[in-house]
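Read left to right, the sequence shown gives residues 0 to 89 (numbering that gives the first Met the number 0).
If you're looking for bench data, these hints aren't it; they were derived computationally from the structure.
Even for Gly, the Cβ is constructed at its ideal location relative to N, Cα and C.
Incorrect hints may appear among the rest.
Unchecked claim - Simulated DEER-style distance windows between Cβ atoms: (1) L31 with L80: 30 to 38 Å; (2) L80 with D49: 21 to 29 Å; (3) K53 with A82: 42 to 50 Å.
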Amino acid sequence: MNLASARFLRTGGHFFPLSIESAGRWHPASRLHLATYIQWCIGKDPKDFDANDKVFYTRCIRDGLDSASLALVRHQARQLLAAVPGGRSA
Numbered sequence: 000m001n002l003a004s005a006r007f008l009r010t011g012g013h014f015f016p017l018s019i020e021s022a023g024r025w026h027p028a029s030r031l032h033l034a035t036y037i038q039w040c041i042g043k044d045p046k047d048f049d050a051n052d053k054v055f056y057t058r059c060i061r062d063g064l065d066s067a068s069l070a071l072v073r074h075q076a077r078q079l080l081a082a083v084p085g086g087r088s089a
């Protein structure tokens with residue numbers, strides 16, 4: 000492990016990078032990690048989800064995907080503005 004990656008590790012935790020393509024598609028392992036984390040938060044096996052658990056799971060997946068997509072769009076917009084003469088990024 001190098002020093003750059005060591006600064007992200009916390010005692011008792013794991014660092015798991017999310018990999019998202021520039022077009023917004025998630026790497027399968029990243030999406031699986033998000034789904035597994037939400038299942039862990041619910042505290043049940045997906046086959047035991049009731050209707051409320053399914054709604055909560057679906058909303059969490061959507062919110063995670065939407066948040067990452069919004070961050071990607073903001074980053075791309077900043078890059079475009081920085082490339083335009085007189086453009087500005089906030």
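inquiry  = Of the numbered hints stated earlier in the document, which are not met by this structure?
reply    = When the structure is compared with the hints, only number 2 turns out to be violated.
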